[in-house]
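Novice: Sequence:
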Amino acid sequence: MPSLQEWITNPLAIVEDIFAQSNAGPQWETKVLEYFKEKLKDDDAGNWVPSLNDVPLHYLKANSLVKFRCFVQDMFDPEFYMGTYEHVDAASKCKVMKFGKYKDFTECVEMDLGSTVMVERQTYAGCSHASVVPSTSYTPHRHKRSHEDDCDMDSQPCKQKDHATGSQGGTSFQSSGDSKQLGATSGQTLHCCSHMDLNFPLPGEKGPACHVKVYEGGEMFKVNDMLEVYGILSVDTQWSGMAEEKDAALIIDHMDCADSVEERRVHSPPASLVPRLHMLLAHRLQHNNPLLPPAASNDRCSFTAGFLGELAAVRAELLEYLTHVLLGDELAAEYTILHLISSVYARRDVLPLGKFTLNLSGCPQIPNFTELLYRTLQQLVANSFRLSMSLDNMNSLRFVPRKDYTANRLVSGILQLGQNTSLFLDETLLEQGQLGPEGVQNITALGNLISWQKIDYDFSFHQMEYPCNVNVLITSEGRSILPSDCQVHLQPKVAPPSLEEYLAALHAAVGPSTLNRFRIYVSLLRTLEYGISEDITKAVEEDFVEMRKDDPQNMTSDDLHRMLVIARLLSLSMGQTALSWDQWMKAKHLEMLRMNRVEQQKCVTGNEP
Numbered sequence: 001m002p003s004l005q006e007w008i009t010n011p012l013a014i015v016e017d018i019f020a021q022s023n024a025g026p027q028w029e030t031k032v033l034e035y036f037k038e039k040l041k042d043d044d045a046g047n048w049v050p051s052l053n054d055v056p057l058h059y060l061k062a063n064s065l066v067k068f069r070c071f072v073q074d075m076f077d078p079e080f081y082m083g084t085y086e087h088v089d090a091a092s093k094c095k096v097m098k099f100g101k102y103k104d105f106t107e108c109v110e111m112d113l114g115s116t117v118m119v120e121r122q123t124y125a126g127c128s129h130a131s132v133v134p135s136t137s138y139t140p141h142r143h144k145r146s147h148e149d150d151c152d153m154d155s156q157p158c159k160q161k162d163h164a165t166g167s168q169g170g171t172s173f174q175s176s177g178d179s180k181q182l183g184a185t186s187g188q189t190l191h192c193c194s195h196m197d198l199n200f201p202l203p204g205e206k207g208p209a210c211h212v213k214v215y216e217g218g219e220m221f222k223v224n225d226m227l228e229v230y231g232i233l234s235v236d237t238q239w240s241g242m243a244e245e246k247d248a249a250l251i252i253d254h255m256d257c258a259d260s261v262e263e264r265r266v267h268s269p270p271a272s273l274v275p276r277l278h279m280l281l282a283h284r285l286q287h288n289n290p291l292l293p294p295a296a297s298n299d300r301c302s303f304t305a306g307f308l309g310e311l312a313a314v315r316a317e318l319l320e321y322l323t324h325v326l327l328g329d330e331l332a333a334e335y336t337i338l339h340l341i342s343s344v345y346a347r348r349d350v351l352p353l354g355k356f357t358l359n360l361s362g363c364p365q366i367p368n369f370t371e372l373l374y375r376t377l378q379q380l381v382a383n384s385f386r387l388s389m390s391l392d393n394m395n396s397l398r399f400v401p402r403k404d405y406t407a408n409r410l411v412s413g414i415l416q417l418g419q420n421t422s423l424f425l426d427e428t429l430l431e432q433g434q435l436g437p438e439g440v441q442n443i444t445a446l447g448n449l450i451s452w453q454k455i456d457y458d459f460s461f462h463q464m465e466y467p468c469n470v471n472v473l474i475t476s477e478g479r480s481i482l483p484s485d486c487q488v489h490l491q492p493k494v495a496p497p498s499l500e501e502y503l504a505a506l507h508a509a510v511g512p513s514t515l516n517r518f519r520i521y522v523s524l525l526r527t528l529e530y531g532i533s534e535d536i537t538k539a540v541e542e543d544f545v546e547m548r549k550d551d552p553q554n555m556t557s558d559d560l561h562r563m564l565v566i567a568r569l570l571s572l573s574m575g576q577t578a579l580s581w582d583q584w585m586k587a588k589h590l591e592m593l594r595m596n597r598v599e600q601q602k603c604v605t606g607n608e609p
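Sequence positions in the sequence shown follow UniProt numbering and run 1 to 609.
If you are wondering where the hints come from, they were derived from the structure by calculation, not from laboratory data. As the structure is a prediction and not an experimental result, all values here were calculated from the model. Be aware that a few hints might be false.
Claimed, not checked - List of simulated lysine-lysine pairs, DSSO-like, C-alpha gap at most 30 Å:
id	residue 1	residue 2
1	K454	K403
2	K98	K37
3	K602	K586
4	K602	K549
5	K37	K103
6	K98	K41
7	K403	K222
8	K41	K31
9	K31	K98
10	K549	K586
11	K602	K493
12	K403	K586
13	K101	K41
14	K37	K93
15	K403	K538
16	K222	K31
17	K41	K103
18	K222	K37
19	K103	K31
20	K101	K39
21	K101	K222
22	K222	K206
23	K31	K95
24	K588	K493
25	K538	K602
26	K454	K206
27	K549	K403
28	K103	K93
29	K538	K586
As the list claims (entries may be wrong) - Here are the simulated distance ranges between beta carbons:
id	residue 1	residue 2	range
30	L560	K31	52 to 60 Å
31	P467	E431	31 to 39 Å
32	A504	E431	50 to 58 Å
33	V604	V545	31 to 39 Å
34	D236	G447	53 to 61 Å
For each residue, glycine too, the CB sits at the ideal point set by N, CA and C.
Whole structure, please, built from the sequences with the hints as guidance.
Specialist: Given below as structure tokens:
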């Protein structure tokens with residue numbers, strides 16, 4: 001019988017036992033998956049498994065079970081491996097059945113090729129996704145020493161971070177730049193490059209990256225999915241040096257399908273830099289906030305019900321907090337809450353339903369206002385990125401991923417983002433000048449992302465449409481040059497002598513426990529179901545007809561759609577999963593206040609703000 005933790009420390013031994021007990025029969029693979037599913041059924045079991053996101057690679061034991069929260073960045077062509085084969089023992093000359101599954105390479109010198117069964121597997125290129133981590137933990141350093149020097153460190157404790165579900169302790173969102181979506185940028189030019197060309201989508205990323213070998217259920221996942229993968233970690237030293245051009249001849253046998261040195265370098269980077277993870281189980285992530293229980297966990301319903309009981313108080317605190325952040329503008333704070341909890345929940349033909357791109361215009365000319373605003377909002381969401389829309393960035397950065405046929409990979413771009421990423425577009429840094437062809441394409445890509453929640457990836461001979469779900473907030477002085485679902489013109493009520501000191505004092509007063517409640521609020525409300533009864537639908541239609549009679553020129557179907565979106569988000573922000581007449585009336589009132597402000601600004605400036 002395997003020991004209590006052997007399924008984590010030595011999962012291949014478990015697989016070998018099942019393979020032997022099944023006499024290499026066709027059901028052994030199913031039994032393996034059932035075994036690990038049963039082990040991970042307990043909600044606490046996942047906390048026992050070390051995380052590749054949190055624990056430095058040199059502290060992890062080779063061939064142990066690890067988990068990895070990741071963003072599927074690319075899918076390589078299928079590869080063949082020896083599923084089962086007969087190994088000929090050198091001493092006894094006896095034939096023993098072996099399996100090649102969950103391994104990079106076969107272990108034998110002699111084999112009977114006539115009995116070998118070749119099987120296909122898929123490789124995903126994944127990079128680390130943003131996560132909530134304790135603020136007292138260290139930042140992983142991936143290159144302290146090679147894994148080859150540490151492969152026997154079984155006694156070294158894994159410094160795994162505590163991901164207690166719903167923890168209200170000293171947990172904070174980090175922006176260390178080591179994850180897929182995080183990494184604030186200032187007004188300087190960004191350059192899309194990374195050490196060893198790890199092909200991270202965003203500038204300044206530092207890992208971790210991983211190649212995930214998928215055996216079953218690969219058709220369920222696709223590029224840009226967020227996954228949590230449980231698999232067997234492989235850091236086989238035979239991968240070391242495979243990326244070097246001078247050693248290209250050494251790997252021909254391992255990669256017969258690779259046509260070029262560039263392709264071999266991309267598909268076989270050193271294992272100390274890009275480990276391999278042989279997937280046992282995986283599930284798509286509905287959210288990327290470890291403060292919430294997973295969607296499939298047993299205590300998710302009780303957690304949600306408990307939090308909804310205090311939701312009104314949390315909303316009131318968040319509204320007050322954002323009002324202070326926005327210098328006393330409560331209306332802008334209301335719309336910012338609606339923006340933060342928005343998410344695409346369905347698509348009708350080409351129309352994405354639920355998106356709510358917000359344009360905060362009239363940004364005060366206070367030094368670093370937009371950057372400090374981003375840092376504040378970054379603390380409330382799991383994934384975020386600030387893009388400074390300077391002329392240089394627009395003309396030089398690669399926004400749209402493209403296919404590199406020489407290396408046979410998808411070269412990532414800034415807009416390859418995971419679902420519910422908060423994309424902060426800082427238009428206040430856009431100066432006068434000429435947009436080049438690349439800049440025009442980038443602006444077009446941003447417009448398509450905002451309007452249709454899709455990105456057309458460049459495959460040279462054609463474009464391939466990839467749907468996305470990205471929350472876009474635009475800060476600008478006047479009305480943005482980009483489309484938006486709603487424009488709110490800021491009207492600050494206070495003017496602190498030092499905005500940085502003002503916000504620092506505000507953050508200190510709020511504290512980490514309250515910030516965690518805000519984070520749960522934003523993530524949880526995105527997952528709630530919502531509906532409209534037939535009676536309310538009929539009442540809203542009749543009310544809209546009356547509004548059209550009063551002002552037919554300024555009340556269009558687009559206005560109705562926007563008010564329905566606002567009413568939906570307003571209801572969800574209160575914890576209500578169905579539209580009520582009171583919430584419809586409040587949505588109309590908010591829109592009246594917002595439009596009055598826009599009209600006032602027109603009168604002041606003589607043109608559209």
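Novice: Indicate, hint by hint, whether the structure satisfies it.
Specialist: Each hint tested on the structure:
no., hint, verdict
1, K454 <-> K403, "holds (17 Å)"
2, K98 <-> K37, "holds (23 Å)"
3, K602 <-> K586, "holds (25 Å)"
4, K602 <-> K549, "holds (25 Å)"
5, K37 <-> K103, "holds (20 Å)"
6, K98 <-> K41, "holds (29 Å)"
7, K403 <-> K222, "holds (16 Å)"
8, K41 <-> K31, "holds (15 Å)"
9, K31 <-> K98, "holds (16 Å)"
10, K549 <-> K586, "holds (20 Å)"
11, K602 <-> K493, "holds (20 Å)"
12, K403 <-> K586, "violated (48 Å)"
13, K101 <-> K41, "holds (23 Å)"
14, K37 <-> K93, "violated (37 Å)"
15, K403 <-> K538, "violated (49 Å)"
16, K222 <-> K31, "holds (26 Å)"
17, K41 <-> K103, "holds (25 Å)"
18, K222 <-> K37, "holds (22 Å)"
19, K103 <-> K31, "holds (18 Å)"
20, K101 <-> K39, "holds (20 Å)"
21, K101 <-> K222, "holds (22 Å)"
22, K222 <-> K206, "holds (23 Å)"
23, K31 <-> K95, "holds (24 Å)"
24, K588 <-> K493, "holds (24 Å)"
25, K538 <-> K602, "violated (35 Å)"
26, K454 <-> K206, "holds (27 Å)"
27, K549 <-> K403, "violated (53 Å)"
28, K103 <-> K93, "holds (24 Å)"
29, K538 <-> K586, "holds (18 Å)"
30, L560 <-> K31: 52 to 60 Å, "holds (56 Å)"
31, P467 <-> E431: 31 to 39 Å, "holds (33 Å)"
32, A504 <-> E431: 50 to 58 Å, "violated (29 Å)"
33, V604 <-> V545: 31 to 39 Å, "holds (34 Å)"
34, D236 <-> G447: 53 to 61 Å, "violated (46 Å)"
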